[in-house]
Amino acid sequence: MPRHTDVLAGSLAAALTVTGTLHFARPRAFDALIPPALGSPRAWVYGSGVAELACAAAVAVPATRRVGGLATAALFVAVFPGNVKMALDSHPGARSWARKPSVAWGRLPLQVPLVAWAWRVARTAPSVSARRT
Numbered sequence: 145m146p147r148h149t150d151v152l153a154g155s156l157a158a159a160l161t162v163t164g165t166l167h168f169a170r171p172r173a174f175d176a177l178i179p180p181a182l183g184s185p186r187a188w189v190y191g192s193g194v195a196e197l198a199c200a201a202a203v204a205v206p207a208t209r210r211v212g213g214l215a216t217a218a219l220f221v222a223v224f225p226g227n228v229k230m231a232l233d234s235h236p237g238a239r240s241w242a243r244k245p246s247v248a249w250g251r252l253p254l255q256v257p258l259v260a261w262a263w264r265v266a267r268t269a270p271s272v273s274a275r276r277t
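Residue numbers are given in our numbering: position 102 of the sequence shown equals residue 246, and the series is strictly consecutive.
These are calculated hints, taken from the structure and not from any lab test. In this text, a Cβ means the ideal position worked out from N, Cα and C, and glycines have one as well.
Each pair of labels, with its calculated beta carbon distance range:
no., residue 1, residue 2, range
1, P179, P245, 15 to 23 Å
2, V256, D233, 18 to 26 Å
3, V221, F168, 18 to 26 Å
4, P236, T149, 41 to 49 Å
5, V194, W263, 20 to 28 Å
6, T149, Y190, 27 to 35 Å
7, R170, H235, 18 to 26 Å
Sequences are here, hints too, so could you generate the full structure?
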């Protein structure tokens with residue numbers, strides 16, 4: 145039977161895999177999140193997709209789970225400004241999921257449990273010394 149921490153890590157890795165893959169399957173949906181000052185939205189969308197997939201892989205492997213959880217928490221914090229931009233830009237005629245202001249604004253507080261989830265995965269990951277014994 146899997147340990148609770150393995151379930152937490154596995155479900156986080158699965159969620160990151162899905163969202164990371166969506167960055168490549170439907171990049172247009174993410175373009176509106178990128179502030180114009182950053183340049184090409186598509187490059188940032190693909191880059192963040194790669195980051196999510198890398199975090200998923202790191203979280204999935206017990207030997208890299210601690211660093212993967214920390215990297216995932218940092219990633220969730222790093223993408224928060226894009227979520228704020230989407231909320232500020234939201235209106236019925238907007239592109240993608242920014243069409244619904246209630247959804248765009250409702251996503252903002254969801255970053256807190258996502259960061260906490262990643263932090264918990266990192267904190268409960270087996271230590272290097274524990275894996276050696």
